[in-house]
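Student: Below, each chain spelled out in residue letters.
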Amino acid sequence: MNTSSHEISLTVNGRAVEATVESRLSLADFLRRELGLVGTHLGCEQGACGACTVLVDGRSVRSCIMLAVQADECELRTVESLAPGLAMHPLQDAFHKHQALQCGFCTPGMLLRCLELIEENPDITDEEAREGISSNSCRCTGYQYIVDAVVEAAEQMRQ
Amino acid sequence: MKSPPFEYKRAEGAEEAAALLNELGSDARILAGGQSLLPLMNLRLASPAFLVDISRAGDLKFLHIDNGSSGASPLHVGAAATQRDVEMSAHTLRVAPILAEAIANAGQVPVRHRGTVVGSIAHADPSAEVPAAFLAQGGSVIAQSLGGRRVIPSEDFFDGVFSTVLEEVELVASVRVDEWPEGSGHGFRELSVTAESWPVAIAAALIHITDGEVDRASVVLGGVGSTPLWRPEAEAILMGSDAGAEAIEAAAEAAAAGLEPPSDTFGSGAYRKKMARVLTRRALADAAERAGAAERAGGKQ
Ligand code: FES
Ligand code: FES
Chain X
1 MNTSSHEISL TVNGRAVEAT VESRLSLADF LRRELGLVGT HLGCEQGACG ACTVLVDGRS
61 VRSCIMLAVQ ADECELRTVE SLAPGLAMHP LQDAFHKHQA LQCGFCTPGM LLRCLELIEE
121 NPDITDEEAR EGISSNSCRC TGYQYIVDAV VEAAEQMRQ
Chain G
1 MKSPPFEYKR AEGAEEAAAL LNELGSDARI LAGGQSLLPL MNLRLASPAF LVDISRAGDL
61 KFLHIDNGSS GASPLHVGAA ATQRDVEMSA HTLRVAPILA EAIANAGQVP VRHRGTVVGS
121 IAHADPSAEV PAAFLAQGGS VIAQSLGGRR VIPSEDFFDG VFSTVLEEVE LVASVRVDEW
181 PEGSGHGFRE LSVTAESWPV AIAAALIHIT DGEVDRASVV LGGVGSTPLW RPEAEAILMG
241 SDAGAEAIEA AAEAAAAGLE PPSDTFGSGA YRKKMARVLT RRALADAAER AGAAERAGGK
301 Q
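Protein sequences appear in the order of chains X and G.
Quick note on the numbering used here: the first sequence kicks off at 1 and runs consecutively.
Quick note on the numbering used here: the second sequence kicks off at 1 and runs consecutively.
No wet-lab data here; the hints were simulated from the structure.
Cβ atoms here follow ideal geometry from the backbone N, Cα and C, with glycine treated the same way.
Careful, some of the hints might be misleading.
[What the hints assert, rightly or not] Chain X stretches covered by chain G per the calculated footprint, using a threshold of three residues with CB under 8 Å from any CB of chain G:
hint, segment
1, 23 to 30
2, 67 to 74
[Said to hold, decoys possible] Away from chain G, derived, C-beta distances all over 12 Å, residues of chain X:
hint, residue
3, Leu82
4, Ala87
5, Thr125
Just chain G, with the same shape it has in the complex:
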């Protein structure tokens, strides 16, 4: 099918985009890569009256590592940076390899050539890879409105299925992904019925180990709730442990406890819940192995 009619506006910068949103009100949507929005419009599941295209906005097309004040150097991704560029960047591999892995699992290469990281986060699909990885590593969303910018911590950003705390007159200008200290490792696992279908469940995890003990952990599940779900209960179990098989099994069990995932053609709620546990276990095992290797390498220096 074809999209219903709408009016296209191109914004040359973030301020102009915010001014357009302000002027056009709730009938306007931001268009970046369009790889989620345009299919929805072709299916006539969405019919905004205006699209504000930011894919050419010069001040939103960037990807770099910020010099953080506290010694940590976050990865900073502009709203017009494509998934493929972020996935292949040495900056991403250094600061947020979990994000590169999540992108590699998200959509097809031709879709990633146009789709953006920020767009995927703002779209807030609870089954999408990029939001889960972003939430797991932690960071912030920089929202632009006509009045200026505000910073929203990643853990406060998602508030429902395809829904965020963003105001109607705001757009996401960029996201910052926090850097984790040396001695950290990540794991990202997903299960899909076929290589190309939507994931049944996703687990994204990071662990930091000092002197053989976990002193920081993060576990996030995708596809099993109305947002990517942060699992502090699992983190609490890992803290102070050796990240061995027993601790990981207990953490995986805690991560899946209390979930009530939706059912659809790709899997029942019960199956999703079971897979959430299995994927968490595997993601944590990957994270522990990488963190252990990073710690050993750090210790030798």
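Excised from the complex, chain X in its bound form:
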């Protein structure tokens, strides 16, 4: 079957992007294959694990179950935007310090979800962080270290 292409224009990590995409291309595959932003990981490709989380117009979404064509005119943030230079983002620093990652597969999605949680709730508690990250699966850390990192990063970011 032939499917037509669609012109989209959007902003990715502050950069204007114009592209032509096939109907069925997922936003995740668009970011990874067309833009080379391979920080966005694909685990389940069915909306369950959260590895592919990106921020669309400031809100966390699963990029494996959003179409690239649906991101037309949207503003996107991927994990690559966190540390544009050599210095890490305070949230990344906190993940590093608390060993909030092991294999790192869930980390890009986890970081963006955590960033959203802190931005929504700068005084986030352990409990709120735990509930908040229940959207994202991590098979390594047992979550406690991620909770510790989020709470400490929030503290750092308040200062």
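Position chain G with the ligands relative to chain X; hints supplied.
Tutor: Chain G with the ligands in isolation, oriented as in the chain X frame:
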């Protein structure tokens, strides 16, 4: 996996979406948030030839309280309103707190950022939270076709597993959730094996109390049949009662009586049936407590 190929069409409004459905026929599906449909397509369990995207349709992106003619003011939810927006809205908390509670239990926040309330109702998953809450509170579905709109009462809408009375050429433009009078309370309970897995069973209930007596009740179960199930037998027991522990226990028993729920990895049919009773009891206790508190507060004014 990746979705099979399909053709994407964006509709700027409800009329345009209906015209596209009319033109494309049974090969077309409506795409709103896509949080149920796109996973199904990635799993290759669904393969529509066309998707008609209504998530940007200007006349479907709304959430407000209508001025009802009979004094009641229903919550009106457009087909492009996201679950997260509906969940967090003061309108929802005022008119349909049971819906906010159901949404909070449905999927993850990032999924609710894109998923829609109307989409969940139209998808008609018998184990989903939003259809159960919608049916419990009652209301109507506004279906759009090329020829115009028709109103379908909530109790007539669901007719099977993932199936509704909607025609192929119709889409749900919006749903209205009826307002219950002051002195009402709701309860919403579900049981899942883990916090993130599909519910084993759901109970959604509302009660209205006047002068210490129940004069309106609604009980709906999810996850135990081919649609969300309305339980009039349980309601009949509650009517005229004081909504005390005894009446609630009897109503819960009536709600679960005759159920033949399906079995799967998350629970056997017998377990589901038992849990339906337990959850109904708890949901009704919550509803009774809230209704009692609302009635006492109303009485003081
Ligand atoms: S890859 Fe998108 S949620 Fe798992
Ligand atoms: S660090 Fe391995 S999955 Fe989270």
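Student: Would you pick out the hints that fail for this structure and give their numbers low to high?
Tutor: No numbers; nothing is violated.
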